[in-house]
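Visitor: Here's the letter readout for the chains.
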Amino acid sequence: MMGTEGSLSGEVPVALRGEPGGGLAVAFWATLKRDLVLLLRRRSEVMNPLVFFAIVITLFPIGISPDPQLLTAIAPGLLWVAALLAALLSLDSLFRADYDDGTLEQLLLTPQPLAMLALAKVAVHWLLTGLPLALMAPLLGIMLALPAGSYGVLAISLALGSASLSLIGAIGAALTVGLSRGGVLLSLLVLPLYIPVLIFGAGAVQAAIFGDGVMAHLAILGALLALALILAPLAIAASLRISING
Amino acid sequence: MSLRLQAQNLACERDDRWLFRGLDLDIRAGEIVRVEGPNGSGKTTLLKILSGQLADYEGELFWDERPMCEARDAFLSNLLYMGHAPGVKAALTPLENLTWYQAMAGQSQDEASRYAALDDVGLAGFEDLPAGQLSAGQQRRVALARLVLTPRSLWVLDEPFTAIDRDGVAALERRLYDHARQGGCVLVTTHHELTPCAELRRIHLGGGGLDDGN
Amino acid sequence: MWAFINKLRSPKWFYAISARLQPWFWAAALILIVTGTVWGLAFAPADYQQGNSFRIIYVHVPAAFLAQSIFVSMAIAGLVFMVWKIKVADMAAAMMAPLGAAMTFIALFSGAVWGVPTWGTWWMWDARLTSMLILLFLYLGVIALRGAFTSRDSASRAASVLAMVGVINIPIIKYSVDWWYTLHQPATFSITGRAAMPMEMWAPLLIMVLGFYSFFIALTLMRTRSEILRRESNKRWVRDLAGEER
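Protein chains in written order, with my numbering: chain W, 1 to 246; chain P, 1 to 214; chain L, 1 to 246.
No false leads were slipped in.
Computed, partial: chain W to chain P, Cβ under 7 Å: (1) 27; (2) 34; (3) 41; (4) 106; (5) 110; (6) 111.
Hints were generated in silico from the structure; no laboratory data involved. Please read all numbers here as calculations on a predicted model, not as lab measurements. Note that beta-carbon positions come from the ideal geometry of N, C-alpha and C, so glycine has one too.
Isolated chain W, as found in the complex (with noise of 0.2 Å):
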């Protein structure tokens, strides 16, 4: 707090702006940015839900049988199931950080629309949960005697898929991130939304082990994504306005 005089002196601090022009792409490449390298810096955050998934993989047999018929025909369920929850669990702390540190409301109180650059932040939370969950399924498949020719269409069919969840479950997430205690309560708001994308996510690795219709089931994923896409920002928007009141 040294030298007031001489910054403030000489420049125009105060001079009034008009309306902004443009900038958005600034600010949400810049949110991009900033988030992947919090979470990058705490790279366990980012390993969790990964290890998480492969735990809940190695349970079932273990509970249920080890009988490779058996698992080959409970498997796309399964993966999908786990890695839905394995994206769950990170959900939480989407928005907490911020809101925890004030950085939400400055967020909130940028020119820009809020809706894209809580699209920003959902965009890094698949990046470094859908998008490495979808990439590691096809090994946990090995592991439970998944077909082979299945393995891309698991892949392809969570990557599509995690995005609509990261969107959705974001609702959630904003909704709750005022509370202190937001975590159940989160799973219980997101889940049975969930539900649609589950049943053509696994219904895609199931028509590629039988082999046909995968395509369909991949169209409607896609549908399932836009669709979230266009809604889901402005509902992340809203919800987090009524949080940063709470």
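Following the hints, put chains P and L in place on chain W, whose structure we already have.
Guide: Quick look at chains P and L alone, frame taken from chain W:
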């Protein structure tokens, strides 16, 4: 364009309690407005309403003599708000924190100005340390560096003196007065007693109490 | 239009007008439900396939209708509250949620009871029952979210947003579940959803549905009225009212 923030007949009810009612404000360039009142009298809520964060109020807000709903974007690009929390990411360095703020403000990414701003608030030499390793007062100073970094005419500051040492308080106070003298405007809540001067105005919020109307 | 909306803003006006409407809906509900019950249980012919057990339809179907309609009304009330800041709408939405959850539960329970003579088991993953179960979870989510906030204003807004998100998802969930069901159990007999029900069976069902709707409106009016008194208890008109009655 002129710097003018008006509120007409502003009222805010929070869970059946009127924080304030019938509040008329006219804040112009060159003023420092200190919002006073006991704890729970709605100082923070008023600042949040006046900075466009809360939509849950009755009455009208005008920026530059236009209704707030029309002028919102212009208003936000002239506003610098600082809340209770400093808004500093602990895992990022002060420099990285300011980079984000600069991008959010739609400014050019200018590294020299970030260094200058940090130097200005007495954080020279701490630019590349994670903010989490700094003291609470230093983190607050990172946030205050925004006052230097992003030129905005209207400052809305909620308890900006928190955790700042005595020299820092004096410098910040000088900064507020300088801003007002140069045609800016400051809206502030603080427990720290500001030195009286021509620019300083006070708004006192009392207990709103129960609803007596209809 | 605006005058009407401005009137709606005043809980006092709603309190007065609902006092006049309420008895009519109670009367309609009583007459319709009694008529429908007697007609449905005593006079309608037995089903050629299911015998007398089909008569559960007279509870199951109206409850299921209502369960979905209440969610939609709740979302509409939420929208009205968010857009026009009409507090009565939010009070009504808050009162509807438990009622909707109860109706969903009745629909599920009657469906399960129906399952015993039809399928020989209490639970089948029937498309309708599954959708109904998910709807119950959606209701529980809205109720839990409203209860989680300490500030009532935030609770109202958050519940409104969630109800709107839910109502967009209900058709998606419904179609996905139908699709999932036909994929997995194409041959199973579904308890409802057959066309060509004879007039003698169909008419009492319609009467029951109308009766249930009247009951819902009457009960919502009544509960909203008491909620108005509770929330406005420190307003002068409520205190005057209490003074008069004392």
